[in-house]
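These protein sequences, in sequence, are chains A and B.
Each residue of the first sequence is one higher than the one before, counting from 2 in this note's numbering.
Each residue of the second sequence is one higher than the one before, counting from 89 in this note's numbering.
Just so you know, these hints were derived from the structure itself, not from any lab.
Ideal placement from N, C-alpha and C gives every residue a C-beta, glycine not left out.
Be a bit skeptical, because a hint or two may be false.
A partial selection of chain B residues facing chain A, derived with a Cβ cut-off under 10 Å [claimed, not checked]:
(1) A145
(2) A146
(3) A157
(4) Q168
(5) P172
(6) L177
(7) K186
One side of the interface only, derived from the structure: several residues of chain A facing chain B at Cβ under 7 Å [as the list claims (entries may be wrong)]:
(8) L59
(9) F63
(10) P152
(11) V191
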Amino acid sequence: MAEIVGIFGVSHTPVMTNMPDAPGAAIRDAVFEAFRRVGKEIAALTPDILLLVSNDHLHNFFIDNLPAFCIGAGDSYDSPLEGWLKVNRREVPGHAAFGAHLIESAFDAGFDPAFSMELILDHAMVTPLELAGVAGAFPIVPIYVNCVQPPLPRMKRCFEFGRALRDGIERYSGARRVAMLATGGLSHDVGTPRMGCINEDFDRRFLRLLDDGDPDKLARFLQVEVNTAGNGAEEVRNWLVAHGAAANCQFELYHYQPVPEWYTGIGVGQWTRR
Amino acid sequence: MTENWVSAIPSAEAHVIDRILYDVQHDREEEKRYFADPRAFIAGFPALSLRAAEALAANDIGRLYLLGANPYLLRAYCLQLRVPEQEYLAALRAVAGKTIDG
């Protein structure tokens with residue numbers, strides 16, 4: 002049966018690749034080094050499959066039919082979706098059988114995710130993969146959480162979805178080693194009057210609570226306080242999915258830096274065994 | 089507390105704005121049609137409110153935000169229109185604390 006060999010969380014923002022130099026060399030280099038560290042550690046784990054947990058930005062999905070959760074079951078995924086994103090076009094291999102298994106196991110666990118076999122990866126998945134140096138290195142299964150258009154799935158539900166994913170992963174016999182990378186947040190605003198503001202206090206409290214061991218407390222904090230941290234902070238749902246999959250692991254923060262020039266509080270870390 | 093979103097679910101008015109922003113971004117033919125004559129393109133959406141049509145025709149970013157246009161669609165649309173970044177940010181900041189009604 003498969004086991005989860007590593008779970009990582011990173012922020013994503015297209016400006017990291019579109020305007021890499023905006024915050025100055027020292028900040029840029031420290032952030033990029035943290036991403037490279039994640040990439041090296043994922044590679045060292047030699048995963049058979051890399052699960053990506055993130056959100057679409059109203060490209061693959063529109064408000065004519067917008068899933069709270071969606072699991073990819075394609076053989077491959079084109080990228081990047083945004084023509085303006087300054088990264089090379091790439092076909093990323095998928096793992097259709099594992100995607101299908103996770104859909105079925107989610108149904109068994111009382112979740113009803115949508116599925117798709119025609120997803121194009123946007124910056125949410127592409128930018129972290131590229132910065133980590135692992136784009137295309139492993140077959141992926143992309144998992145989407147709606148973080149960009151209310152009504153949004155509740156924070157607690159995202160944690161529980163992650164827990165269900167873990168059960169599904171551990172019941173899969175078609176691969177042995179599965180790694181997970183969740184991307185999004187931390188505090189930031191996109192397309193609002195607060196764009197450029199970062200709530201460092203929110204970010205640090207969130208990162209501390211990841212290590213606190215009380216998921217209900219974390220979910221309650223996020224459900225209310227996310228409104229102080231910007232619409233982009235809604236993407237902490239992706240981290241919550243990872244947190245649920247991480248079971249009783251502790252969270253080790255590799256790097257945190259508020260980067261107003263990139264409009265975003267940048268966090269990078271890994272869940273590790275206690 | 090400031091909320092992250094203008095509304096808890098898109099209004100019918102915002103939905104039409106979002107449909108236009110989405111189509112212009114994702115359909116190359118629609119994009120061409122829009123850039124050839126934005127006002128004629130907008131006129132092709134009779135369900136669009138007059139104030140939303142005016143805001144779109146004038147690229148009134150702050151007003152489109154207040155009308156409930158999805159901020160991510162609006163962001164991508166402004167990138168597509170090559171609105172200068174500082175102009176884009178200033179337009180949003182100018183409506184801080186306001187609602188569509190004032």
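Hint check:
no. : hint : in the structure
1   : A145 : violated (19 Å)
2   : A146 : violated (18 Å)
3   : A157 : holds (8 Å)
4   : Q168 : holds (8 Å)
5   : P172 : violated (14 Å)
6   : L177 : holds (6 Å)
7   : K186 : holds (8 Å)
8   : L59  : holds (5 Å)
9   : F63  : holds (5 Å)
10  : P152 : holds (6 Å)
11  : V191 : holds (5 Å)
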